[in-house]
Structure formats: structure tokens, C-alpha cells
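Student: Sequence:
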Amino acid sequence: MDSGKNLFESFMIDEDLREFTDLQPININQSFNSIENHSVVEEESISTESDLTNYIPTSDPNLTQNAYSLTITDKMHLKSTLEDWKVGYLYQTCVAECVDIQALKYISTDQIYELLSKYPLGVKIKFNHYVKEWRKKRQLQVPGSIIPSPSVTSSYQQVPPFSVYEVLNKSSQGALITNYYKTNNNLNESCRNLMIDIIISYLVEKNISMSVNLADTIATTISETFISELKETYFVRNSENKCPKGKLYSKYFNKMRNLKNHGLVPQEGICKKSKNANKNLTRVTAELDDELIAEEDAFSTISHLKHDDLSWPDVESAWKKTSVYRLKALKNSNFSYTEIQTTWVHYTKPLGYKLIDIDFQRLYQNAKDMLSVFDNTSTKLVQILNERVKDPTSRKLIASIIENSNSSENSRNSVIFYVLHAMLVPTSKTSYIDSEGKRCVIKYSISDSQQSYVLIAQTAAELEALLNSKKVNGNSIQPCLLIVGTISEPSQIMVYFDNIKYKVFSIVRAIDICFKIFHVFNLEYPIQSLDVWLFIQKFYFNIVSKYDKPCPLVNQIISELK
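Per the UniProt record's numbering, residue 1 is the first one in the sequence shown, and the count goes up by one each step.
Heads up, a few of these hints could be off.
[Claimed, not checked] When the alpha-carbon atoms are kept at most 30 Å apart in a straight line, the in silico DSSO-like pairs for lysine-lysine are as follows:
no.: 1; residue 1: Lys538; residue 2: Lys320
no.: 2; residue 1: Lys75; residue 2: Lys231
no.: 3; residue 1: Lys429; residue 2: Lys231
no.: 4; residue 1: Lys182; residue 2: Lys75
no.: 5; residue 1: Lys549; residue 2: Lys438
no.: 6; residue 1: Lys170; residue 2: Lys231
no.: 7; residue 1: Lys132; residue 2: Lys79
no.: 8; residue 1: Lys546; residue 2: Lys321
no.: 9; residue 1: Lys182; residue 2: Lys231
no.: 10; residue 1: Lys429; residue 2: Lys349
no.: 11; residue 1: Lys231; residue 2: Lys118
no.: 12; residue 1: Lys396; residue 2: Lys538
no.: 13; residue 1: Lys549; residue 2: Lys231
no.: 14; residue 1: Lys182; residue 2: Lys132
no.: 15; residue 1: Lys79; residue 2: Lys118
no.: 16; residue 1: Lys245; residue 2: Lys549
no.: 17; residue 1: Lys105; residue 2: Lys170
no.: 18; residue 1: Lys182; residue 2: Lys331
no.: 19; residue 1: Lys86; residue 2: Lys182
no.: 20; residue 1: Lys321; residue 2: Lys538
no.: 21; residue 1: Lys470; residue 2: Lys245
If you are wondering where the hints come from, they were derived from the structure by calculation, not from laboratory data.
Construct the entire structure; sequences and hints are all you get.
Tutor: Printed below as a string of C-alpha cells:
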């Protein structure tokens with residue numbers, strides 16, 4: 001046993017977490033990523049009455065009620081569930097009879113009537129109904145343990161039962177996580193990272209190999225144990241031939257790779273991408289509803305648009321009458337600036353962005369309004385950015401708007417969306433073959449992400465020179481924002497779209513227009529800032545597309561904002 005401990009001594013989990021002791025919010029910037037400072041968590045015997053251990057009743061006649069009473073976390077989960085059913089008054093009855101969430105999964109109608117023998121018939125009927133509906137919704141998943149199915153492979157069947165409760169409560173740090181959850185009704189980022197480290201340490205110590213099924217079950221168990229947590233934060237199944245994503249799966253293989261590089265484990269079991277795997281789909285436009293039929297008089301209306309000198313209100317009216325025809329045409333052809341100049345020239349007008357609004361509204365009739373969503377959630381977003389962002393330059397920008405309450409609205413909002421790139425740090429990579437025939441890999445930085453989203457210059461002339469320089473060098477310029485001034489003091493704001501510049505007065509409105517351009521013209525998000533645009537799509541517009549790249553962090557941030 002000692003030799004086993006020495007073997008994984010570099011896997012030690014940092015014990016210095018004093019903020020847990022006082023049940024204060026944890027510093028999320030604390031890192032648990034260094035494998036050289038980690039080791040296997042020692043199994044500790046827990047004997048105090050407040051510890052969250054799971055006791056098993058025995059035949060001892062002297063056994064007391066406390067020996068099989070519910071744990072604190074069991075009680076929290078039970079109380080929350082009963083309150084969701086509007087029967088919170090049954091909590092004490094369930095606790096007295098040791099009926100926890102797991103018991104509710106197996107309780108029969110007769111047992112419900114026995115449990116609620118002192119209550120009126122109506123209460124029994126309602127409770128019985130709630131239990132049945134709850135079972136259907138959860139599909140009778142058993143929390144806290146893995147029960148191998150006969151249909152899975154033999155290697156999976158060899159995995160012993162796994163309990164998140166048991167793993168956490170065998171570690172003093174794990175018990176602190178459950179205590180933190182009890183006090184705050186949620187987990188912060190440090191809690192999540194620590195919990196994953198404890199689980200991975202346990203898997204390494206017990207020589208349990210990670211699999212897709214194991215990761216999926218553990219993630220499900222975590223979300224059931226800590227009901228504020230999203231399963232997608234810990235595990236997301238990816239497309240065929242691709243490694244899954246999420247904290248649990250990716251961090252396990254990162255640590256195993258580190259151990260492998262240090263010669264502590266054999267060089268096997270690391271997830272490898274298939275050579276035949278398709279590239280990530282990043283095109284963002286959802287399928288246009290095939291049932292939408294182009295307007296009957298579209299050709300006549302388009303002729304009026306092209307040849308008549310219409311007032312702008314008349315242009316907008318005619319535009320609405322040809323939306324489906326135009327969207328189908330754009331969907332079935334690659335984007336062409338020439339087509340805009342010849343057929344849809346009104347896009348190039350100063351108010352052309354209003355026509356993009358019309359087409360986008362037709363494309364996504366149930367999309368949310370970004371401007372109102374942002375106004376209602378910007379304060380919370382600043383708090384999350386302040387907690388999560390680690391990049392020094394970005395932290396200074398966040399501090400500037402927090403400390404200066406007199407900042408203009410555009411100044412504040414400009415900083416918020418700029419710093420968003422430091423929280424949703426780019427993870428995408430691209431490769432190319434150099435002049436010597438060698439394959440080179442480019443990993444994008446925070447700065448790359450920010451520059452794909454906005455171009456900034458002190459003067460309009462400098463900004464124009466920057467655009468011309470990119471064109472001369474052959475760099476494609478996808479739709480983006482243009483700012484004259486600085487990110488914290490924008491004096492002029494524009495949206496750039498293939499030589500078209502829309503002048504607007506609000507940063508949020510500029511982002512709103514830029515996002516809609518991607519969708520109306522069936523364009524891809526910049527790979528450098530893919531996750532940022534995906535966050536904008538999902539949170540501010542409530543749009544989900546089949547082309548969405550799995551991104552657990554985006555889902556977690558959205559959950560925290562709601």
C-alpha cells in the first residue's frame with residue numbers, strides 16, 4: 001500500500017482550503033491543475049455525528065435510530081424535491097421513516113399509504129401522483145452508484161460500484177464540498193474543480209479506467225446529488241469518432257497523459273481522434289423551415305425594389321413581403337457580395353441593418369431580444385466575469401468599470417463583451433503546411449479571439465488603414481465590430497460586413513446586428529471567437545442549432561446567469 005502511495009505522490013490534492021472551514025465563498029482562481037502537486041486522497045474514517053457518511057443497518061439489537069438516519073445531503077435533496085411538489089409539509093414524516101430520494105424511486109402505492117397513514121386521503125393521492133410523474137421524468141435512474149447492465153461490454157462490467165457520496169466523504173476536502181453546498185445551495189468553480197480532482201484521484205488509486213459510460217454515469221450522479229449542477233458541465237457526448245467533452249472526461253485524460261509523460265502509467269487508454277473524423281461543423285444557420293413557401297408576388301415586389309425610387313418605409317414594407325424568397329436564395333447559394341450589389345442593394349444603405357432585422361425575425365420567429373436580455377442580466381454577468389477571469393489585462397478592465405460608477409453605458413458594455421473573450425478562452429486549433437512541408441498547429445489566444453470580434457484604432461483613418469492592410473495581406477474579414485477610440489472609451493461604433501459599414505450608437509446593438517448577419521447570410525462564426533458567439537447565440541437569442549459545438553463552459557455560464 002505504501003508503495004502505491006509513493007507511486008502517485010505527485011497527484012496530491014492541496015489541503016490548504018481554509019475558506020471552506022468558514023463556509024465562505026471559495027476563490028475560484030485557486031488552481032488544482034498541477035498534477036505534480038496532487039496525490040491520491042487518503043481514505044479517512046469518519047466517526048462524528050455531523051459527518052455525511054452512509055450507514056447500513058445491522059442485526060445488532062442495540063443499534064440506534066441514528067445509525068440509519070438520513071445524511072444531511074440526503075435531507076437537503078429530499079426537502080428540495082418535496083418543496084418542488086408543493087408538499088414540503090411531508091418532510092418531517094419522510095425523515096422520521098428514513099424515506100430518502102432513493103426510497104422514493106422504489107416506494108409502492110401501499111407503502112405510500114402506510115407512510116402517510118395520519119394524513120387525509122387527498123394528500124395520499126396527490127403524493128402518489130407526484131411520485132409516479134417524477135419517476136417517469138427521471139426514468140428511474142439510481143443516484144450515487146453504477147449498476148452495470150448485461151448489455152455493456154465486459155470491461156465495463158468489471159468496474160466496481162461507484163458512489164460520489166462515498167468518494168467525497170472519505171476525504172476531508174470532499175466533506176467540505178458537501179458542507180459548502182448545504183450552506184450556499186450551489187457549488188462555485190473551485191468546488192467543481194476540487195470535486196473532479198478528488199474523483200479522479202479515487203479512480204487512479206483504485207485503477208479504474210475512464211470510459212464514456214462511466215463518465216456519463218458519474219456526471220448524472222453529480223447533477224442528482226447537487227441539484228444546482230448541470231450534467232453538461234462534467235460530461236457531454238460528442239459526435240461520432242470524437243472524444244467527449246466536459247470537466248470530468250477531459251481532465252481525467254489530461255492528468256493521465258501527464259502521468260504517462262512522467263512514466264507513472266503505461267502509454268495506453270488515452271483518447272485519440274479518429275483519422276477519419278470529420279471536421280467540426282461550425283456553420284451556424286439552422287435549417288430554414290421547408291414548409292415556408294416563397295411569396296407568390298415576390299418577383300414583382302423585387303422588381304419594384306430594384307427599379308423604383310421607394311421611400312425607406314416602402315422599402316421595409318416590400319422587404320417583409322420577400323423575406324422567405326430571399327432567405328431561401330441566400331441559403332441555397334454561397335455568400336456573394338456581387339449578388340448583394342445587384343439583387344439586394346438595399347443591404348448596403350446606411351439603414352440596411354434594419355433589413356437584416358426583418359430577415360432575421362423571419363428566420364427565427366421565437367428568438368429572444370438581445371437588448372432586453374442584456375439589460376436584465378448585465379450586472380450578474382459582471383460578477384461572474386470578476387470571479388472567473390484570470391487574464392491580468394482583462395482583470396484591470398473589469399476593475400475599471402466596477403470601481404468607476406460614472407462610466408458611460410457604452411464604455412461599460414464595451415468592456416464587458418471584450419473581457420468575455422478572457423472567460424470563454426478559445427480552445428480551437430487550426431493547422432497548415434509550411435514552405436518546408438511541415439505541419440504546423442496554431443492555438444488561438446485571448447487576443448486572437450478579441451481581434452476577430454472587434455478592430456480598434458484611435459482615428460477613423462487608422463482604422464481604414466488597418467482594414468486595407470488585412471485585405472492586402474489576403475486575410476478574410478468576417479463580420480465584426482469597428483471602434484474608433486479605445487475599448488473603454490469608444491467614440492464611434494460600426495458594424496463591418498464585406499465593405500459595408502453600419503454606424504450605430506450602442507455596443508450591444510452593434511453585437512446584435514453582427515450576430516444577425518452571420519445567420520441571415522449563412523456565414524460561419526470566426527473560429528478564434530467561436531465560443532463567445534455561441535454564448536451570445538444561446539443566451540441572448542435562445543437559439544439552438546444542430547451545428548452547435550459542444551461547450552460545457554458556455555452551458556455553465558448560462559446556468560449561472562439564469
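Student: Hint by hint, say whether it matches the structure.
Tutor: Results of checking the hints against the structure:
Distance check on the hinted pair: Lys538 and Lys320 sit about 26 Å apart at the alpha-carbon level, within 30 Å; holds. Between Lys75 and Lys231 the CA atoms are separated by roughly 21 Å; this keeps the pair inside 30 Å, and the hint holds. A hinted pair counts as satisfied when its Cα atoms are at most 30 Å apart, and Lys429 with Lys231 qualifies at roughly 26 Å. Distance check on the hinted pair: Lys182 and Lys75 sit about 10 Å apart at the alpha-carbon level, within 30 Å; holds.
With a C-alpha separation of about 29 Å, the suggested pairing of Lys549 with Lys438 holds against the 30 Å cut-off. Of the supplied pair hints, the one linking Lys170 and Lys231 holds, its CA atoms being roughly 23 Å apart against a limit of 30 Å. For a cut-off of 30 Å, the pair hint linking Lys132 to Lys79 stands: about 18 Å separates their Cα positions. Taking the CA atoms of Lys546 and Lys321, the gap is about 28 Å. The hint holds against a cut of 30 Å.
At most 30 Å may separate the alpha-carbon atoms for a hinted pair to count; Lys182 and Lys231 meet this at roughly 19 Å. Proposed proximity of Lys429 and Lys349 is contradicted: the alpha carbons are some 37 Å apart, above 30 Å. A C-alpha spacing of about 38 Å is found between Lys231 and Lys118, which places the hinted pair above 30 Å, so the restraint is violated. For the hint linking Lys396 to Lys538, the alpha-carbon distance of about 28 Å falls within 30 Å, and the restraint holds.
Between Lys549 and Lys231 the CA atoms are separated by roughly 16 Å; this keeps the pair inside 30 Å, and the hint holds. A threshold of 30 Å between alpha carbons decides the hint, and for Lys182 with Lys132 the separation of about 28 Å falls inside it, so the pair holds. Under the criterion of a C-alpha separation no larger than 30 Å, the hint pairing Lys79 with Lys118 is consistent with the structure, at around 20 Å. In summary, the hint linking Lys245 to Lys549 is supported, as the alpha carbons are separated by about 10 Å, within the 30 Å threshold.
Restraint check for Lys105 and Lys170: satisfied, since their Cα atoms lie roughly 26 Å apart, inside the 30 Å limit. For the hint pairing Lys182 with Lys331, the CA-to-CA distance comes to about 51 Å; that exceeds 30 Å, so the pair is violated. Taking the CA atoms of Lys86 and Lys182, the gap is near 21 Å; set against the 30 Å cutoff, the hint holds. Proximity of Lys321 to Lys538 is assessed by CA-CA distance (about 28 Å); at most 30 Å being required, the pair is judged to hold.
The straight-line distance between the Cα atoms of Lys470 and Lys245 is roughly 35 Å, outside the 30 Å bound, and the hint therefore fails.
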